[in-house]
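**Student:** Given chain B, work out where chain Z should sit, using these hints.
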Amino acid sequence: MKRIGIDVGGTNTDAALLDGDKVIAAVKTFTTSDVTSGVRTALKEVVAKAGDAAQDIVAVMIGTTHFTNAVVQRRDLGRAAAIRVSLPASASLVPFCDWPKDLASKVNGGVYLVEGGHEYDGRPLYPMDEQAIARAARQIAQDGVKAVAISATFSPLTATCEERAAEIVRNEAPDVHVTMSSTLGRIGLLERENVALMNASLIGLARETTQAFVDAVADSGLGAQLYITQNDGTVVRADAAREYPVFSFASGPTNSMRGAALLAGVENAMVCDVGGTTADIGCLINGFPREANNVVEVGGVRTLFRMPDLLSIAVGGGTKIGRDPLTVGPESVGYRLAQEARVFGGAQITATDIAVAAGLISLGDASKVADLPADFVAAALARIHADIAEAVDRMKTDATEVPLLAVGGGARLIPQEMPGISEVIQVEHSGVANAVGAAMAQISGETDRIYRDMDRDDAIAEARSAAIAAAIAAGADEKTIKVIDVEDLPLSYLPGRAIRARVRVVGEAAALTEAVPA
Amino acid sequence: MNTLVQRSPSQTHRTLTADDIEALAVGAWILGTGGGGDPYQKLLNMRLLYDAGRQVTLMDPLALDDDALVAVLSNMGAPLVGQERLSDPEFALKPLRMMEEYLGRKFDAVMSLEIGGGNGVHPMMVAALTGYPVVDADTMGRAYPEAQMTSVAVAGLRCYPLTMADIRDNEVIIPRAASWRWMERISRKACTEIGSIAATCKAPRSGAEVKQHGVLYSVSKAINLGVNVLKARAEHSDPIEAVLSAANGLRLFTGKVVDIERRTTEGFLRGQARIEGLNDFAGQEMVVHFQNEFSVAYLDGEPIVMTPDLICLLDTVSGDGIGTDSLRFGQRVSVLALPAPAVFLSEKGIAAVGPRAFGFDLEFKSVFEESNT
Chain B
105 MKRIGIDVGG TNTDAALLDG DKVIAAVKTF TTSDVTSGVR TALKEVVAKA GDAAQDIVAV
165 MIGTTHFTNA VVQRRDLGRA AAIRVSLPAS ASLVPFCDWP KDLASKVNGG VYLVEGGHEY
225 DGRPLYPMDE QAIARAARQI AQDGVKAVAI SATFSPLTAT CEERAAEIVR NEAPDVHVTM
285 SSTLGRIGLL ERENVALMNA SLIGLARETT QAFVDAVADS GLGAQLYITQ NDGTVVRADA
345 AREYPVFSFA SGPTNSMRGA ALLAGVENAM VCDVGGTTAD IGCLINGFPR EANNVVEVGG
405 VRTLFRMPDL LSIAVGGGTK IGRDPLTVGP ESVGYRLAQE ARVFGGAQIT ATDIAVAAGL
465 ISLGDASKVA DLPADFVAAA LARIHADIAE AVDRMKTDAT EVPLLAVGGG ARLIPQEMPG
525 ISEVIQVEHS GVANAVGAAM AQISGETDRI YRDMDRDDAI AEARSAAIAA AIAAGADEKT
585 IKVIDVEDLP LSYLPGRAIR ARVRVVGEAA ALTEAVPA
Chain Z
2 MNTLVQRSPS QTHRTLTADD IEALAVGAWI LGTGGGGDPY QKLLNMRLLY DAGRQVTLMD
62 PLALDDDALV AVLSNMGAPL VGQERLSDPE FALKPLRMME EYLGRKFDAV MSLEIGGGNG
122 VHPMMVAALT GYPVVDADTM GRAYPEAQMT SVAVAGLRCY PLTMADIRDN EVIIPRAASW
182 RWMERISRKA CTEIGSIAAT CKAPRSGAEV KQHGVLYSVS KAINLGVNVL KARAEHSDPI
242 EAVLSAANGL RLFTGKVVDI ERRTTEGFLR GQARIEGLND FAGQEMVVHF QNEFSVAYLD
302 GEPIVMTPDL ICLLDTVSGD GIGTDSLRFG QRVSVLALPA PAVFLSEKGI AAVGPRAFGF
362 DLEFKSVFEE SNT
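Residue numbers (this note's numbering), protein chains in the order written: chain B, 105 to 622; chain Z, 2 to 374.
Just to be clear, a hint being listed does not mean it is correct.
[As the list claims (entries may be wrong)] When the alpha-carbon atoms are kept at most 16 Å apart in a straight line, the in silico EDC-like pairs for lysine to aspartate or glutamate are as follows:
id : chain 1 : residue 1 : chain 2 : residue 2
1  : Z       : 232       : Z       : 242
2  : B       : 500       : Z       : 316
3  : B       : 500       : Z       : 239
4  : B       : 205       : Z       : 52
5  : Z       : 366       : Z       : 303
[Claimed, not checked] Which chain Z residues face chain B? A few, computed with CB under 8 Å, are given here:
id : residue
6  : 42
7  : 45
8  : 46
9  : 49
10 : 82
11 : 84
12 : 89
13 : 90
14 : 91
15 : 169
16 : 196
17 : 197
18 : 262
19 : 263
Worth flagging that the hints you see were computed from the coordinates, not collected in a lab.
For each residue, glycine too, the CB sits at the ideal point set by N, CA and C.
Chain B with its partners taken away, still in its complex shape (with noise of 0.2 Å):
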C-alpha cells in the first residue's frame, strides 16, 4: 500500500512516497504561482527518487495551506455577499460586524438582511420574504459579486429557509456560486455565517487549486486516486474538497504534526513548524494535535472550527528582516524566496538569509550574506529565538517538561534551548513532515442528528452506526474504523426528550488496505 503525500504551502511544494509506515523518498521543492508546476515537479521527483519503488502507487493525497493564507494575508479572495434570514430577529449584529476591518473590506459584496427564519422547535420565526431574496440577489448580480453565503435562524436544525432562498438565488441570478450555512456548521449564527463567507469568498481559488491539483495527477500517469487533505487530519476526494475550501483551511499543520509524530516516534510533544511565512506551534496527544476549545478565529475571524489548537506567529524562512531599526515580520517574500532571498540572489534580506548567515544551514550562495554584520545577524536570530520560546510557553497547558518536535523549512530557526522543554528534536525528514502527515491520513465519517425520546447511550450508538456507513460510503475500510469524536447536547424546550448527537469516526483508505501488487 504505496501513497504520495503532497504538501503545498506558500513557500515550498514537498512530498513523500510512503509503503505503509516507512518513507520511502522524500523531496522539496519550491510552490510556483500557478501551483500546477510545482505539484507536477514534486510528484517528478519523487518518483523519480524512489526509482523501482515507485510501482503501484493508489493513492495521492495533498494538503495544502493555500486557503488559511489566502485569508491571513488577504490576498485571492473574492468579494461575497451575505443574505441572512433572521428578520424582525437579530438586527444589530450584522454579517461582517465582528470581522477585521480590513478583512471585511475586502470581501464584504453586500449585506442583505431579510425576514424568515426557524425557531428552536421547527415552527417558522415570521413568513420568508422571498420577494427580498429575489431583490437582493439581483442586486448581487448587478454589483459583479460571484459568490454569496446564505444563513438563516436554525438552519443546522432546518434548513428549509436556506435552501428555498438558494434556489430563489440561483433562478435571479445563475452566475452567483451560493454558500449555505447549513452545510458547514452547528449551532451558533454569527461563527457558522463567518464560515460561509469565508467559503463563499474562496470559491474561486478552491476551484482553481483544485483544478490545478487534478491536472498534475492526471498528467503525473501513476493513475492514483486523489485526495485532498481536511483540518482534523482526514481526507476527501476532490470533487468534494472544491465546494468546501474551508474544510481544508487547518490540514496543513494537522499534516505537520501528525507527520512528525511518525517520522519520531514520539507520540506526546510540543511540535513548531517552521514553514515560510508562519511557525505554527501546537501539542501533540497521543499522536492526534489537541483541539482547540469551542471559538477558534482564523485571520482574526470567529468560527466553530474543529482544529487543532494552534498558535501561529509570523516567523518563517521567508519572513522578511529589516535593519535600521530591526524588523522581524509580519511579510514574508512567500513562495517567492527562491528569487528574492539574498542567498539565492536576490535583495530582500529574509529569515532564511540569517540562518545562512549564521551558519545553521547551507542554502543558496552564502557568499552573498557575507556582508551582513555579525551583530545584526546575531540580534536578528536572538528576536526570532524569542518570539518562537515565547509562543511555545504559550501552548504549554502544564508544567512538566517535554519534548519539542522541531519541524518545517525552517526547522534550524527554533532554539535548541527553551524554558519546560526536555530537549528540541530536529526531525528527519522533517521538513517534509507535512507531506508524510498528509500521505497517513485516513477518510472520516461524520453525522450530526437530533434523536428524540431516546436515552443519551441509544442515542450515541445510532449516530455511531450512521457515522461509519458514512465513511463506509466515503472510500473507508470498515475493519480500520475507530470512533474519534462523540458529542452530545440536549436541546432545551423541546417537546419530549431531544438529543443532538454529533459522532466522527476514522478510517484507511479501503483502496489502500485492499490493494495488493498484481
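**Tutor:** For chain Z alone, coordinates are given in the frame of chain B:
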C-alpha cells in the same frame, strides 16, 4: 437608613470606557458560574454603540434617592436559542418602555438582574441607548436560573409587575403574581411560547430598596476581575491566580474534562462534568453538577463546595469563564470557589439558593468556613 455625606456627581458617577466594557464582559462571564450566557454578543453590540459615540455612566448605588425608580433588566431564556437569535439593543429596550408606559412614570436608572453572564452587560446596551445611568449593583452577585433566587426575593420584596417583549409584535405584562415562584412559572411559560428568548423588565425597585437589598458594587467587581485577567494574560502571568487574588477565591481543582452528561428537564439544562486531575491534583477526580449554573462539586466522592458559594470553571490557560453549555471533552479547566454575597448565607438565603433548592440533599457548608478554621 444610610447616613451619607452628600457627594457630587463627579464622585458618584463615572463614565465607563470601552476598555471597562471589555473587562466587564470577561468578569461577568466568570461570575456567571457557568450560566447566564456568554456575554460575547452583548459586548459586540456595546462595541458598535461605543463606535457610534454612545457611552454608559456607572453610578454609586448609595447616590440613589430613596424614591428613585430603578429598572431591573434581563434577558430570559435558553442560551442555545441566544446563539441563533442574536442580542439586539433595541429589543432589550422594549420592555423598559412598556414598563414606563404601564407605570406612567419614567425610570431614573437601570440595573442588572444578575451580574453573571450576558445579563451583566445587558443593561449597558439599554443605558447606551437611553442615557439612563447604570446602578453599580445587581440582585444575585452571580447568575441563578430562577426568579425567586435573588436578593430582593430573599428579602421578601414585591415580585410584580413584569413586562416582557418578543421580537414580533407581542407584548406581555404580568401585573400581579402571588409569589416569586408564581412569577417564575408564569413568565417562564410565556417565554417558552415566544421562542425561549425574551427581553424582560422585572419588578421595578425604589432607590431605598436597591440600597438596602441589592448586591452592591457587583459591576465594579466584575470590571475589576476582568481587568486583572486581561492584565495577567498580557503579562503572561497566571490568570487563575489573578482571579483568586482579585476576588478572595480558592483554587479547588485543576484538570481535564473527561466526560460530560447533559439532560433537560423543566426547561433547565442539568447534568454533570467529570474532571480528571492534573499537576498537583493528579490521581484525583472532581465531578461538578449543574442546573444551568454549577451547583455542587464532589472531590473523590465528597461534596466540597456547593451553592450559594460561587463555583467557577475557568479555562486554565486563558482564565476565561466556561459555560455549562460550552463545556467540552478534553478542556483544561480550573475549578475555583468565590465567596457568596452575604444575603444568600442567611437562613432564608440558603432556603432559596442552597443545595436543596437544586435537588441536592446536602446540608450547606461553605468551603470558606472550612478554610478559615
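**Student:** Which of the stated hints cannot be reconciled with the structure, identified by number in ascending sequence?
**Tutor:** Of the numbered hints, all hold.
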